[in-house]
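Chemist: Can you build the whole structure from these sequences, using the hints too?
Heads up: the sequence lines are chains A and B, in that order.
Add 5 to the 1-based position in the first sequence for this note's numbering, that's all there is to it.
Add 70 to the 1-based position in the second sequence for this note's numbering, that's all there is to it.
Among these hints, one or two may not hold up.
What the hints assert, rightly or not - Derived DSSO-like pairs: lysine-lysine, alpha-carbon spacing no greater than 27 Å straight-line:
hint, chain 1, residue 1, chain 2, residue 2
1, B, K655, B, K985
2, B, K985, B, K926
3, B, K662, A, K126
4, B, K390, B, K435
5, B, K662, A, K128
6, A, K52, B, K662
7, B, K985, B, K936
8, A, K128, A, K140
9, B, K191, B, K87
10, A, K52, B, K655
11, B, K446, B, K398
12, B, K169, B, K87
Think of the hints as simulated: they come from the structure by calculation, not from any bench.
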Amino acid sequence: MSTITQDTIPAQISTFRLDEEWYSVDVLKVQEVLEPLPINTVPLTDKYIIGLINVRGIIVTCLSIKERLGFDDCDYGENYHNVIINDPDDGHVCLLVDEIGDVIQTNDLVFADRPPTIPAKAKPFIAGVFRDKDKLITFLDADAIIRAS
Amino acid sequence: MDSLNAELLKEFLWSSKEDIDVLEDLILAVEMGNPDSESVNTMYRTFHSLKGAAGLMQLQYTEKAAHKGESLLDTCRSNPAAYDVDVVTALLIFVDAVKSTILNIENEGNEGSDQYGEFLKALGTIDGASPIETTDQQQPDPAPPQSAPPAPAPVPVVPAPQAQAAPATPPPPQKAAPVPATPKPVAAAPQPTPPAPAPTPPPPAAAKPTPPPRRKKAAASEEKSEKKEIQAEASVRVSISLLDQLMNHVGELVLNRNQLLRISEQHDEDNNLLAACSSLDHVTSELQESIMQTRMQPVGAIFNKFPRIVRDLSRSLNKKVELDISGKETELDRTILESMRDPFTHILRNSLDHGVETPEERLAKGKAETGTIAIKAFHEGGQVIIEVSDDGNGINADRVLNKAIDNGLLTPEQAERMTDQDACNLIFHPGLSTAEAITNVSGRGVGMDVVKSNIEQIGGNIEVTSEYGAGTTLRIKIPLTLAIIPALMVQAEDMLYAIPQVNLIELVSIEPDELEKSLENIRGAEVYRLRERLLTILRLRDILNLPPRDDDDDRPLFIVVVAAGDQQFGIVVDDIFDTEEIVVKPLSSHLKPIEVFAGSTIRGDGQICLVLDMAGITRNRHIDTHSDLLSSDDDIDAHENNVEDQQEFLIFNLGHDNEQFAVPLQLISRIEQYPSNHIQKINGSQMICHDNSLLPAVFLEEHTKAEPLVYSPDNPEDTIYAIIFQSRTNIGLIVRNLVDSMVIDLSDTLDTPEIVSSSVATAFTVINDHATALIDVYALMDTAYPPIAQKSNTGVPVATTQSTAPVSTGPQTGGSPAAGPSLRILFCEDAQFFQNVVTGYLRESGHSVTMFENGKLGWDHLEQHKDDFDLVLTDLEMPVMNGWELIKSIRNLPSFDHLPIIALTSLTDEEARQKTLQAGASEHVVKLQKDELLQSVNRILMGQAQNS
Chain A
6 MSTITQDTIP AQISTFRLDE EWYSVDVLKV QEVLEPLPIN TVPLTDKYII GLINVRGIIV
66 TCLSIKERLG FDDCDYGENY HNVIINDPDD GHVCLLVDEI GDVIQTNDLV FADRPPTIPA
126 KAKPFIAGVF RDKDKLITFL DADAIIRAS
Chain B
71 MDSLNAELLK EFLWSSKEDI DVLEDLILAV EMGNPDSESV NTMYRTFHSL KGAAGLMQLQ
131 YTEKAAHKGE SLLDTCRSNP AAYDVDVVTA LLIFVDAVKS TILNIENEGN EGSDQYGEFL
191 KALGTIDGAS PIETTDQQQP DPAPPQSAPP APAPVPVVPA PQAQAAPATP PPPQKAAPVP
251 ATPKPVAAAP QPTPPAPAPT PPPPAAAKPT PPPRRKKAAA SEEKSEKKEI QAEASVRVSI
311 SLLDQLMNHV GELVLNRNQL LRISEQHDED NNLLAACSSL DHVTSELQES IMQTRMQPVG
371 AIFNKFPRIV RDLSRSLNKK VELDISGKET ELDRTILESM RDPFTHILRN SLDHGVETPE
431 ERLAKGKAET GTIAIKAFHE GGQVIIEVSD DGNGINADRV LNKAIDNGLL TPEQAERMTD
491 QDACNLIFHP GLSTAEAITN VSGRGVGMDV VKSNIEQIGG NIEVTSEYGA GTTLRIKIPL
551 TLAIIPALMV QAEDMLYAIP QVNLIELVSI EPDELEKSLE NIRGAEVYRL RERLLTILRL
611 RDILNLPPRD DDDDRPLFIV VVAAGDQQFG IVVDDIFDTE EIVVKPLSSH LKPIEVFAGS
671 TIRGDGQICL VLDMAGITRN RHIDTHSDLL SSDDDIDAHE NNVEDQQEFL IFNLGHDNEQ
731 FAVPLQLISR IEQYPSNHIQ KINGSQMICH DNSLLPAVFL EEHTKAEPLV YSPDNPEDTI
791 YAIIFQSRTN IGLIVRNLVD SMVIDLSDTL DTPEIVSSSV ATAFTVINDH ATALIDVYAL
851 MDTAYPPIAQ KSNTGVPVAT TQSTAPVSTG PQTGGSPAAG PSLRILFCED AQFFQNVVTG
911 YLRESGHSVT MFENGKLGWD HLEQHKDDFD LVLTDLEMPV MNGWELIKSI RNLPSFDHLP
971 IIALTSLTDE EARQKTLQAG ASEHVVKLQK DELLQSVNRI LMGQAQNS
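Modeler: Right, dumping it as structure tokens:
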């Protein structure tokens, strides 16, 4: 997985909320954000695979970031959003988030490496942390999140 | 190279490819005999333009060779008699040389140096036509290509043919000269007629009387090639990936259209909307059709190779064969077409080798000396039909039947009942070769099963009809496209799944009140008796790991009977819906590892539906979902319960409750029920007489320490079962009760106490509190019916043409004592059952076997005793060190480079096979396929004999 240095910090990040925390991915990885669509579950899959959605005729696999990061409660409420990520291998993958936030310029933010205390399960997916005044925005490695495991 | 040149070179390659294809067609169309002037002129022109283009691109060798060809053709132009077999051969060699040059340029950027050596040699052998080549070869360093004429020639006639390259030089007087100079006065005879005034093509040729029969054909191909040129101008080259992308988009558009139509139906008050939708409907359909068209290619694309194959092969076999191709323009989906190339080549070779007789035989039978192979392609009922027929010897049904009986595929009684038509279809059975001598061209039967399976893989089928003495016709049906397939929609829980129609055999619905009777052995695995055949039943909910259906017994049970490869089984589904045409889309990498799904599709209402993969389900039929699906290679612990060592067994008894036996279900061909009094003693052997047929009966107690079978032959009501195995000989193992069929984990068998074990009962396990002996079916058959006339049908020439000794399946190594008749085999296998069975039949074949329980132990031993083994045989799934790791370890040491490895596995899928072969195994053999394993071992033995 890619490690983020000061030079490789993306210019803009797309932020979103999971439970009460704020997260972000490189805005260039995001293709679009969609309202909830009917999800077809797939039997025999790992928990982090929520199912398949039909995005204008393209079948997209939905993943749960919460499962990947090891949240205690991995349910999404009624008002979740689909963040469609460009996947170089598979075309598209959809990530479910609770609320979509702003796209933020990163040059106003302070970047820090990921804290050593984050749980092992989440470690591979977290690239670092942005601080926006008193708000922390965890920066996720989108490639790692969407990679099949 | 600058971009202009690169562009030019690309253009050159493209046009040369086309030219050379046209040239090859033309050469073959004219073949021997006197060509008409127009054909030779066209060939001449092709050479000429090739020469020009090559000169421009500074491809010296090509230019020089084309120049020589041009000269040669010019000679033929003025003297058609010179156009003989040697010329044709030389021209074809040239065609090949240009092809490989083009490849060379594409791959390495230069034309290579030695492409035309053979062509020049072939030119040298052409007597009379052009003395120039001989002189040329005598010259140690031929002058630079373009400046050939001024070269000081030792023979005065030299400049003449070369002069054609430069039309400015006055050729006529010299041109006449080479002819008298030729050593062949015959060729000179017609010469006086054309004292050609100019080197320009048409006039002299026009004067030639052209032989009428050949003319038509040549003219036809001439027309065709012209048409081709015109078509090339009017078309644009598009990359295949772009087409595939377009295809995808259109697929989506179609689905959107369907959705829109559905919505518009709900708003039928709005006429504008309805009109717009209906026109969208039309346009979309047409667009879809057009896009489908772009994926289509004429079958000619593969047929075009055939004339050459036929020509080369018929010459090497000394046969005269004419190939008649029609329907070249019939179109097929590109992917299908590609996958048909090999099967068709095989069929053609077969027809040539075994179908068409030699000219002498044909004349003796009163047939025309030249045989005909006709290939006909046409559309019929939404499918493409391709017929390959020859007017050769046809299939000798009796010989096929005899062979089948010898090989144990049929009993004489079964054979008796077979029609000739059925007998002909036996040629598709694996390992049935009726060729008395297997030639290097083909041994009919060795590959026909592969042809059949290839064709079936793409959803087609193949039939053969043959009249002995008059010819054979193979009729192949192929679906038009793979992109859209019909599929049956079935339901499990609240989701729909698609089962491809190709896999579908029939649908069965069982009323609730019949359920008890018809579904048997409801424990572990279910079996349904469908027309006296045992059908393994799987439940879709189980396969998908869904909760079982509520016990609402008022609904019938739906069974979808499907086939995957050779296996048939039934899938119980909640509900069955219609068949729909679906566009199968590949699964994302997250879902790919789930082998029971082949893809997904979007239905007309926008819902996503998963497509079930029948082959995947067979592989995965006893699903231990997560450990199985998600296990990674380094996760050794997860293999403890691996599928590899699990085999499905049929459990039975002989009438004593405390004594059970089990045989692998895989080896059972069928089970029949007979009245006990049908077992009779005939000529000292026990036989089952039924319906005027005899089946040798085998009693287990005669070969093991089992208690005798309980049965009462005097009671007409009493019935017993006979288990009939898939094997060389038809025998019925007589049993009292069928208890169950279930999966037994063979890594979990008991240590075999010496007292109770025998060669037939190899391992023991406990099933439902009963000790159960696992029967080695091969050992049982061998002890019951010692293989006196066993013909090991190995497909290895030595083994099939000689009658092998009963036990030694090892081939005669043809006077190379170094290899010896046996191999020293290192065998790694963790399951005791397989250890015993496999070691048993290898030892029986004269090999020595050293056994290890896992890859690690085997590897340690092998490292220390490097030269002690000729062959490694290994299971794949093993604890500590698995088979793949073992193979890789062996392949990593250079000293084991030549050590053959056979991977022995119950993973039958292509993916596993590829993985194994990639790891470095020489062969991949499915467990319990005794014959196949011995064949592989023999092949290795053969290879060794050749090397030593």
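Chemist: Now, for every hint given, state plainly whether the structure supports it.
Modeler: Checked hints:
1. B/K655 x B/K985: holds, 24 Å
2. B/K985 x B/K926: With Cα atoms ~20 Å apart, B/K985 and B/K926 stay inside 27 Å; holds.
3. B/K662 x A/K126: Distance of about 23 Å is within 27 Å: holds.
4. B/K390 x B/K435: Between B/K390 and B/K435 the Cα gap is close to 15 Å, so the pair holds against 27 Å.
5. B/K662 x A/K128: This hinted pair holds, its Cα atoms lying about 25 Å apart.
6. A/K52 x B/K662: holds, 15 Å
7. B/K985 x B/K936: holds, 25 Å
8. A/K128 x A/K140: Distance of about 21 Å is within 27 Å: holds.
9. B/K191 x B/K87: holds, 23 Å
10. A/K52 x B/K655: holds, 23 Å
11. B/K446 x B/K398: holds, 8 Å
12. B/K169 x B/K87: holds, 7 Å
Consistency note: the structure conflicts with none of the earlier hints.
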